[in-house]
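Enquirer: Residues per chain are reported as follows:
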Amino acid sequence: MKKMMTFLMVALLALGTIGCGSDKPASGTKIGNNSTERSNTTNKVDEIKKRGELVVGISGDYPPYESHKMTGGEDKIVGFDVDFAQAIADELGVKLKLNETSFNGLIPMLQSNKIDVIISGMSASGERAKSVDFSDIYHSGENRLLIRKGTKIASVDDLKGKKIGVQLGTVQENEAKKSGAEVKSVNLVTDAVMELMNNKVDGVLVDGVVADKFTTNNKDLAAVNISELSDDGGSAAAVKRGNEDLVKVINDVLKGLKDSGEYKKMANKWFGV
Amino acid sequence: MSLDFSRVSAYSPLLVKGTVTTLELTLFSVLLGTVFGFITALFKMSRFKLLRALGNIYVELIRGTPLLVQLYIVYYGLPQLIGHDIPSFPAAIAALSFNSGAYVAEIIRAGIEAVDTGQMEAARSLGMSHGLAMRFVVIPQAIKNILPALGNEFVSLLKESATVSVISMGDLMRQADIIRAATYTAFEPLIEVALIYFVMTSIFSSLQRMLERRLKVGDTH
Amino acid sequence: MILIKDLCKNYGSLNVLKGIDMEVKKGEVVVIVGPSGSGKSTLLRCINLLEHPTSGEIYIEGEKITRRTDENKIRQKIGMVFQHFNLFSNLNVMDNITLAPVEVKGISKEAAEDNANELLKEVGLSDRAYDYPAKLSGGQMQRVAICRALAMQPDIMLFDEPTSALDPEMVKDVLTTMEGLAREGMTMVVVTHEMGFAKEVGDRIMFIDEGKVLEESNPETFFSNPQNSRAKEFLSKVIH
Chain A
1 MKKMMTFLMV
11 ALLALGTIGC
21 GSDKPASGTK
31 IGNNSTERSN
41 TTNKVDEIKK
51 RGELVVGISG
61 DYPPYESHKM
71 TGGEDKIVGF
81 DVDFAQAIAD
91 ELGVKLKLNE
101 TSFNGLIPML
111 QSNKIDVIIS
121 GMSASGERAK
131 SVDFSDIYHS
141 GENRLLIRKG
151 TKIASVDDLK
161 GKKIGVQLGT
171 VQENEAKKSG
181 AEVKSVNLVT
191 DAVMELMNNK
201 VDGVLVDGVV
211 ADKFTTNNKD
221 LAAVNISELS
231 DDGGSAAAVK
241 RGNEDLVKVI
251 NDVLKGLKDS
261 GEYKKMANKW
271 FGV
Chain B
1 MSLDFSRVSA
11 YSPLLVKGTV
21 TTLELTLFSV
31 LLGTVFGFIT
41 ALFKMSRFKL
51 LRALGNIYVE
61 LIRGTPLLVQ
71 LYIVYYGLPQ
81 LIGHDIPSFP
91 AAIAALSFNS
101 GAYVAEIIRA
111 GIEAVDTGQM
121 EAARSLGMSH
131 GLAMRFVVIP
141 QAIKNILPAL
151 GNEFVSLLKE
161 SATVSVISMG
171 DLMRQADIIR
181 AATYTAFEPL
191 IEVALIYFVM
201 TSIFSSLQRM
211 LERRLKVGDT
221 H
Chain C
1 MILIKDLCKN
11 YGSLNVLKGI
21 DMEVKKGEVV
31 VIVGPSGSGK
41 STLLRCINLL
51 EHPTSGEIYI
61 EGEKITRRTD
71 ENKIRQKIGM
81 VFQHFNLFSN
91 LNVMDNITLA
101 PVEVKGISKE
111 AAEDNANELL
121 KEVGLSDRAY
131 DYPAKLSGGQ
141 MQRVAICRAL
151 AMQPDIMLFD
161 EPTSALDPEM
171 VKDVLTTMEG
181 LAREGMTMVV
191 VTHEMGFAKE
201 VGDRIMFIDE
211 GKVLEESNPE
221 TFFSNPQNSR
231 AKEFLSKVIH
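Chains as they are written, first to last, in the numbering used here: chain A, 1 to 273; chain B, 1 to 221; chain C, 1 to 240.
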């Protein structure tokens, strides 16, 4: 009887939170610190402009896309994504506000309007596209496999019977599964690299530019390209379903950056080895 | 394995920030949780069936679902119900203390039941009501039983508070991950953080022992 | 003072008391003896409603006390002393004795403490007034327990095997205290194995076995010429 009651309560709670869900267009309920109305499909940009602030969700544990840097005792989040976000904020004529959280918290935050957009080295995977809308891809490269220096792994055949570490919920996780090796998923790339250094896995499949940073900073690591596993899905900005006006602005900004040569500068600054 | 703490020393301010956040979260949540737990324990021991049922459902619900889910419900679900946003810090405290309350309720109940029934009988035989007996005899003795278990709850909460990183709370564990990513180090930040957690729990354990000693004034050893 | 009619107490399917009739006059000392499990303690605990009778009636000073809602008030008039003392371990001796008078009867702390000191003097424990129970010996604890019960100025005192948990050398002091009480005219019902006390102080002995009163008489008769066969058997085992 007790368990039944508990089940009913959980069901009620769940229904309550889902039922009052955000898919009802003009219900007029106020959410957000600045009493903005629930977003309709076409006025997200207006909302942002009225607020004077673009709130970007970011997970500062993924250099060179974003990480924390202490400069003069002050902690700032820096990276390609931050510069990109700044460019978008500038275009909209508003201030940039970074809302930092762990990677898994980003999409829920987007869907409950706590942030306007996710720019956090997130791959535009088909799975994610089911719940959010993506901008054009703003960076794509190849995945690289981090290995301990001296390990003999050069092709996908060398991976048979081996273990590959990946970050949970990433495109690389899916790619790694194609290899036939055993795939171990962990919360952070840094955790996967720890596993590599401790001989618990034989390779770590990550975004190419991320791999390069690791090899630069760690003499014991090397990186190889494995063509079968190289699809990195491409990083894109994620917005809440239906915010097409914001997607358009982001795409325009990206195009503008590329046309003006700014993009190349940013890419060299952050992704150049 | 060679450790080089100089690579991470510049990021110490982040550790301070994380420690403060973790401490604030844990302290507030334990205090509030104890209040929730106490009320729930009273409900569960009440003569009224409705109160007993409410208390039981609350405890079962909390103990039967993961903290992460409860956190999400408070941070994302609740605002939808009440139509008003709830920022990270209050949401974290609400979820953590609500969670803690259920466990504290059980600790309190067990502590009270561990008090010899003869104590209650003696009090009743003197003409004291159930309420008076609880207030002057049973509960003071129960507190001695409850305190160690409450201390364990604090330590549990301290470690579980790391869950809040998913709702933008930069607790100590999150700072460790941030520093690791920023400096490409493996162990140094983790060791620093482990030390900090250890110091926090040690200080708390000492305080708890002092409190227990003061309460044990009348007992033989 | 106490009148019990056809008292029955069941725990589920277990019948512990099977129709007890009993009468205690004011100032009488009734000693209840019998084998373990006979229901002696249960009977005692029904008198002050720590247990609720399944059927039957109990009258205290002419008032029916069974099936009443103000049990607490009734218990103020009936003191109880337990086999395992049950002193409040979180309070010192003085507070143990004054707690109920102050909180239940509303007596001032000073008055209650004065009274407590009187009681402690009677049992020779004045110097222990501010000790905690953990520091006392069993005999001392039991004497404090008696003081605590007396502090409420009850009309009746119930004793549930008060010396069974004591080391032999402490038994005498407690019995002496109880004897003093009896001489002062307290109405007492005592469950005990102390046959010496029963003989010396008891006005009447009740032998209970398997939930029934099998024999009831004055001490001389009971100890020298018991009628009931099981009473005889019990006595032969108990008196060495």
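Heads up, some of the hints might be wrong.
Claimed, not checked - Rough simulated footprint, nothing fancy, chain A against chain B, three-plus residues with beta-carbon under 8 Å: (1) 3 to 14; (2) 174 to 182.
Said to hold, decoys possible - Straight-line alpha carbon distances no greater than 27 Å define the calculated DSS-like cross-link-like pairs of lysine-lysine that follow: (3) K219(A) with K97(A); (4) K109(C) with K216(B); (5) K135(C) with K109(C); (6) K269(A) with K97(A); (7) K109(C) with K26(C); (8) K216(B) with K95(A); (9) K76(A) with K97(A); (10) K135(C) with K144(B); (11) K172(C) with K18(C); (12) K200(A) with K159(B); (13) K105(C) with K5(C); (14) K97(A) with K216(B); (15) K17(B) with K76(A); (16) K216(B) with K26(C); (17) K50(A) with K69(A); (18) K178(A) with K162(A); (19) K69(A) with K17(B); (20) K160(A) with K130(A); (21) K184(A) with K159(B); (22) K95(A) with K149(A); (23) K265(A) with K97(A); (24) K26(C) with K105(C).
Calculated directly from the structure, the hints in this document are not laboratory data.
Cβ coordinates follow ideal geometry from the N, Cα and C atoms, glycine included.
Enquirer: None of the hints should be skipped; say for each whether it holds.
Expert: Evaluated hints:
Under a criterion of three residues with beta carbons nearer than 8 Å to beta carbons of chain A, the stated coverage of the region 3 to 14 of chain B is upheld, 4 such residues being counted. Restraint check on the region 174 to 182 of chain B versus chain A: 7 residues with Cβ-Cβ distances below 8 Å, three needed, restraint holds. As the CA atoms of K219(A) and K97(A) are separated by approximately 36 Å, the hinted pair breaks the 27 Å bound. Between K109(C) and K216(B) the alpha-carbon distance is near 24 Å, which keeps this suggested pair within the 27 Å criterion.
A threshold of 27 Å between alpha carbons decides the hint, and for K135(C) with K109(C) the separation of about 24 Å falls inside it, so the pair holds. A distance of roughly 22 Å separates the Cα atoms of K269(A) and K97(A); the hinted pair therefore holds under the 27 Å criterion. Of the supplied pair hints, the one linking K109(C) and K26(C) is violated, its CA atoms being roughly 31 Å apart against a limit of 27 Å. For the suggested pair K216(B) and K95(A), the alpha carbons sit about 59 Å apart, so the restraint of at most 27 Å is broken.
With a CA separation close to 12 Å, the supplied pair K76(A) and K97(A) stays within the 27 Å bound. Using a Cα cut-off of 27 Å, the hinted pair K135(C) and K144(B) holds, with the two alpha carbons roughly 18 Å apart. As the CA atoms of K172(C) and K18(C) are separated by approximately 34 Å, the hinted pair breaks the 27 Å bound. The hinted pair formed by K200(A) and K159(B) meets the criterion: a straight-line CA distance of about 25 Å does not exceed 27 Å.
A threshold of 27 Å between alpha carbons decides the hint, and for K105(C) with K5(C) the separation of about 31 Å lies outside it, so the pair is violated. Restraint check: the Cα-Cα separation between K97(A) and K216(B) comes to about 54 Å, which exceeds 27 Å; the hinted pair is violated. A threshold of 27 Å between alpha carbons decides the hint, and for K17(B) with K76(A) the separation of about 13 Å falls inside it, so the pair holds. Between K216(B) and K26(C), the direct Cα distance comes to roughly 43 Å. Violation of the 27 Å bound is thereby established for this hinted pair.
A distance of roughly 31 Å separates the Cα atoms of K50(A) and K69(A); the hinted pair therefore is violated under the 27 Å criterion. For the hint linking K178(A) to K162(A), the alpha-carbon distance of about 13 Å falls within 27 Å, and the restraint holds. About 15 Å separates the Cα atoms of K69(A) and K17(B), which keeps this hinted pair within 27 Å; it holds. Proposed proximity of K160(A) and K130(A) is contradicted: the alpha carbons are some 32 Å apart, above 27 Å.
Distance hint between K184(A) and K159(B) is fulfilled; the C-alpha atoms sit about 24 Å from each other, no more than 27 Å. With a C-alpha separation of about 45 Å, the suggested pairing of K95(A) with K149(A) is violated against the 27 Å cut-off. For the hint pairing K265(A) with K97(A), the CA-to-CA distance comes to about 23 Å; that is within 27 Å, so the pair holds. For the suggested pair K26(C) and K105(C), the alpha carbons sit about 24 Å apart, so the restraint of at most 27 Å is met.
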